[in-house]
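The residues making up each chain are set out below.
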Amino acid sequence: MRRRHAILAIALAAALAATACGGDGEERAESRTVKVAYLKFGTFDANDKLFKKVKPTFEQQNPGVTLELIPIEAPIDTEYHTKLSLMQRSESTAPDVLYEDSFRISSDVEAGYLRPLDDYLAKWQDWGQYFDAAKQAGRAQDGKTYGVLMGTDTRGLWYNKELLRKAGLPVPWQPGSWEDVLAAARQIKARVPGVIPFNIYSGKPMGEASSMQGFEMLLYGTGHKLYNHDTNRWVASSPGTTDSFRFIETVFKEGLAPKPQQALNPNFGTVVATDLLPKGKLAIALDGSWLPQSWLESSQKPWSEWSQVLGTAPMPTQQGQAPGRVSMSGGWTLAISAKSRNPDAAWKLIELALNQENSRYLDVIASQIAPRKDVAADPEYLKSNPTVKFWTDLVEVTNYRPTYGAYPKVSNEIQAGMEAVMTGQASPEEAARDLADSIRSIAGADQVEDAT
Amino acid sequence: MAVTSPRRAAAAVAANLTLAAVALAFLAPFTWMLLASVDEAATLKAALPERPTLDNFQQVLTRENLRAFGNGILLSAGAGLLTVLVATLAAYPLSRFNLRFGRPFLYTILFAAGLPITAIMVPVYGLFVQLDLVDSQLATMLFLATTGLPFGIWLTKNFMDGVPVSLEEAAWVDGASGMQALRRVVVPLMLPGAAVVFIFTFILAWGNFFVPFVLLLSPEKQPAAVTIYQFFSQYGQVTLGPLAAYSILYSLPVIALYLAVQRTLSGAFSFAGATKG
Amino acid sequence: MTAEALSGRAARSGRAARRGGVLRWLVPMSPAVLLLLLFFTGPILWCLWAAFTDIALTGAGASSPRLVGTENFSRLLSDPAFRQSVLITVWFVIGSAVIGQNCLGLLLALLLRGRSGLVRGVVGVVVVGAWVVPEIVAGFVWYAFLSDEGTLNVLLGRVGLEGTSWLYNLPVMSVIVANVWRGTAFSVLVYSAALSEVPTDLVDAAAVDGAGPLARLRYVVLPLIRRSVLTNLMLITLQTLAVFTLVFVMTGGGPGTRSQTMPIYMYQEAFKFFQLGYGTAVALVLLLLGALFSAVYVRALRPEV
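Chains as they are written, first to last, in numbering that gives the first Met the number 0: chain Z, 0 to 451; chain S, 0 to 276; chain U, 0 to 304.
Hints are computed from structural coordinates only; laboratory data are not their basis.
Just so it is clear, CB atoms sit at the ideal spot from N, CA and C, and this is done for glycine as well.
Among the hints, erroneous ones may be present.
Estimated spans, in silico, between C-beta atoms of each pair [to be verified]:
1) R62/S / L295/Z: 20 to 26 Å
2) K382/Z / R62/S: 30 to 36 Å
3) D229/Z / T69/U: 35 to 41 Å
Bound-form chain Z, shown alone (with noise of 0.2 Å):
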């Protein structure tokens, strides 16, 4: 009995060491393969498409090369991250081409995971294609580049004329300032009962929602930012942030916006999107381009009115001072992985698979807005859905979050100051306040000044 037991042991040890035996033999075929990394998951194949698409061309035009494709299935942002941070940690795991959040780069750069593009970028003719915000998505701290975008998003006003008309505002609806919203919503309270005059995503169950589509639409509308970056400080406090505040303190405590149980929800953008819209019981929705893939044919619920009854609006700066809209941004580019043993080969794929015909069918697939002058003013582009003009236009006075590593603490206490303000624990000139002190801890005095 004893000798069985010692022999299942040693089977078992035998099989784990079998196991670890397998595969040495790859280390050789490494340098002749390029390795793509990207997200993909059900409702999302954009990238996958892509890949598969330009991947016969590639290895044509790259002979003795091999495209591998690494789709990671993942849900969140964070656990795509996580995967692909640990993949990048070592030489044998770590792709060539990675599919990146622009918003990543500075902190994967700061890990050191990412290679400079310049050299690449300066010999580059497309290059001259891409918006200036659209270069600058993917510039990191040190001021190099590490990333090119592949597409973008833009946040605006969407806004349902039928319940505008019976409130008696005019359709189209051009709102030329935070008043105009107000007092709009504020009309169609009056008139229209039972409908939610106005939504913007506020609290932190709705994470970045709430600081990119809610108080960051609102700040970098009064002319002031987060981030400084001709001093390249934080900025603490300023008018604009209590504006901010107050913003969203005057929303909620009107009953303009939902009421607080019902918007402090994770799950909130799902109920937006497809119910209060689709049902016509939100007036005014604060919100960004892509909502339209919830009511496409392909989805899930298909809305095939969306166009019709829903308009679209630019979200105005706070007077109507120039540049008179103001937009949000973020976006997904292809970087080059520090440890990748191919450079070249990798930023050929890049080249390829961004060049003005891919890069127009990747953001047409994948409802993105295009940060390309060219793809932008491409009819087949502009065909694909009734409102992509007007999203892409707003690429022009667009804004970029502040990539850098203190920015998602940031986040979060932008988004605890929201919640304070809109459960009415908080005024927003404490909320304000409460918010320099956070960031003034979380950069450090010396990376932070203040605007007047």
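Chain Z is fixed; fit chains S and U onto it per the hints.
Frame of chain Z, contents of chains S and U only:
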């Protein structure tokens, strides 16, 4: 056995009624899920679908999803069997012999198992890279079995302690060796306990997203716990109808498993039966 | 058992251990030990180390992690949100594990004994179904049940009662109930298996002696399954301490931080920012909490000498 006295019958009725109430209470929250699965326009509100349809199920029963289910069953059943086997072997000496390191060992492994998976997976991934085990379903299954070991050993030892040594001694007296006694006497009485450990490890592995997500690279090898996220979109929107349908299908293997072992779980045992050969 | 038999048993197992020597226990335990050594030891030691560093998956903490001593811990202890999360976690464990899952599990296991296969099947399927449904879906299920226009308020409305914003006004209660729903199956299984080892002869003998069902439970059954009660409590406590997705989907830890249990705190303050060092430090405190609970259980369930 027995005397069906009126008191016994009344007790049975009371028990059945209570159980019915509990079952209904447990079922109530599922209302949303059941309704959403047959609703092509499901929202987060439980509502009777305008046009009940089985489309969601059809949408979910793709080849890729069935393969993911298969992967999950492979990983989970494999991990479950392995854990039961290894835990039983390990629990026997812990239960029967008064080992000095017994208690420290048990407590150490229990608390070691409590560390958060996000933190553990970083060094584990590093380990797997060094051993070149990344993207190996076998290695992932071994790892999942290992995650079930701490609780498995605890549970098994616990149930083993409940089987009186006198029964084994009877077998020894009959000439059986230690291991034979284990096999012939202890193991049959341990079946309910073993079933619990198997189900527990199976569910642990079946529902585990992060481990296969990190340790496996090829999408074809991913189990159902990972592919469930296909219903979530980049901007946080969820296709609820198919998700609900998927969840129902996802629960079926474990429910089938439970039905298969439930008989062993509620068998009562009496000394009279066990002391015979 | 007679005293002779008892001492004989002790002597025999002692002798047995000595007879085979080390191999007697080493060989059967070796597969477990091998697996645990291979897969767990390294990573756990790494985690213990990480709690004293500023290691992260991205940013400076990824390229050059440094030892920061007890900085993570002092940061923890000085954060009021952390202290609040410990308190909330304690309530969560007591409410949903110690009281909820444990007692309900025992009750169900007792009631299910001797019932017909149909009854056992139906109840079992529903209870186990709650356990096996993916945690994120369980979160949605309860969100849909407890939201303002959710199933519960609709049902209450039908019988003329007014519901409330459960998730907003009673967040901790809501997640406790949801966790009881989710995890009771485990206790039911453990207690069913434990009860199956209780010889019915003893219970019947007590009944014949005139003991009612509660007395039988208290004086015959419970003492016999005392060990299982202890094991069950410890295991479900550890499981409950680790619950994350369910609470996150239902309330996100809110409103504000009113239902922020330690795992959610861990996520919001550490893992969301890929800060492994800080997150692991929180995890170690979580384990400490688990150890404290276990010490309490062991004390409480010590046999009367």
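Verification of the hints:
no. : hint                       : result
1   : R62/S / L295/Z: 20 to 26 Å : 24 Å, holds
2   : K382/Z / R62/S: 30 to 36 Å : 34 Å, holds
3   : D229/Z / T69/U: 35 to 41 Å : 40 Å, holds
Of the numbered hints stated above, none is contradicted by the structure.
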